[in-house]
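Protein sequence lines correspond, in order, to chains A and B.
The opening position of the first sequence corresponds to residue 25 in our numbering, with each subsequent residue numbered one higher.
The opening position of the second sequence corresponds to residue 471 in our numbering, with each subsequent residue numbered one higher.
Worth double-checking, as some hints may not be accurate.
Said to hold, decoys possible - When the alpha-carbon atoms are kept at most 20 Å apart in a straight line, the in silico PhoX-like pairs for lysine-lysine are as follows:
no. : chain 1 : residue 1 : chain 2 : residue 2
1   : A       : 77        : B       : 654
2   : B       : 502       : B       : 549
3   : B       : 689       : A       : 57
4   : B       : 651       : A       : 77
5   : B       : 542       : B       : 502
Stated by the list, open to error - Only some residues are given here: those of chain B computed to face chain A with a beta carbon under 7 Å:
no. : residue
6   : 549
7   : 685
8   : 686
I should point out that these hints are in silico values taken from the structure, not numbers from a laboratory.
Using N, Cα and C, we set each Cβ at its ideal position, and we do this for glycine too.
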Amino acid sequence: MALYIVEADCISCGDCLPVCPTNSITEGAIVFKIDKKTCTECEGDFDIPQCVKVCPIDNCILPLEA
Amino acid sequence: MSSQEVLSRELALRIGLAARALPDTDAKRLFKVLTNCVGLPITEEKIGSINLQKLKAAEDGEFSGVDEGLLKKALHILKHDVEAGVTLKPEVYAYRNGDMPGSVRIACASNDAINVDGHFGSCSQFMIYQVSADEARLIDIRGTEAPAGLEVEDKNTFRAELIQDCQVIYMASVGGPAAAKIVKLGIHPMKLSGTEAIAGIIGQLQAVIAGTPPPWLAKIMGIEAPNRFRFEREATG
Chain A
25 MALYIVEADC ISCGDCLPVC PTNSITEGAI VFKIDKKTCT ECEGDFDIPQ
75 CVKVCPIDNC ILPLEA
Chain B
471 MSSQEVLSRE LALRIGLAAR ALPDTDAKRL FKVLTNCVGL PITEEKIGSI
521 NLQKLKAAED GEFSGVDEGL LKKALHILKH DVEAGVTLKP EVYAYRNGDM
571 PGSVRIACAS NDAINVDGHF GSCSQFMIYQ VSADEARLID IRGTEAPAGL
621 EVEDKNTFRA ELIQDCQVIY MASVGGPAAA KIVKLGIHPM KLSGTEAIAG
671 IIGQLQAVIA GTPPPWLAKI MGIEAPNRFR FEREATG
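Based on the provided sequences and hints, a complete structural model is requested.
In structure tokens, the structure reads:
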């Protein structure tokens, strides 16, 4: 389980980068991206995913379909 | 001040207007620099003798850090007759949908019609530009006063609705709740770190459009997804 960033909506503000407890977010060539191998959707750290909480765009960070 | 030193009404008006063209400058500051430049009384003839170098050097280089384009503009205003309204209101051009393919419509929160110097909630007008890679057209100037008799429930919602047809708004500052209302209407808010010339903002945007626009901008410009994916492969590959 992991989250992903919708490329067409991400505005590269970078707000999500520092709040990720597992350091899974990096700045990619186009927009920011989440490493699906290390993303935990913040389980064990927070009640809700922190990147989703700080992201200024609606529906920009979504759960990856398994 | 003796009668010889009295500034003509026309010149006073020009100094006031020219000061508005310069960043962080009021008429008093410009007047001080001009006085240092040519001495009192300030006359039309003396102002005619000022060039860019003189203006920059005056008052120990008070304006030496100011953008030359803006200084030239100020000098132009100082040296030419004020035609009522024209100096303040740049010409608005007609725009029909489809005139400029691959363009975005932007709003600039402005008080002086030259700079993005306004707070979203308090600026006197929105300058509306249609911008493509090689053209920028001022298509509308929208005052922010609510029409008389209209009860405005929420000022910021009213202002956001004024620019609902724009895709991006530039402003010197904006509050959080107001920004949320802007985003809700599908407009992308861009808060600058301070006052910037509208011309400069448009130049930067044109460079971005001409290059590889970021996906969110490509999306609002209506560039088809396959093209965007092509860009992605180029950028990652």
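What hints, given by number in increasing order, does this structure fail? Hint 6 alone not satisfied by this model.
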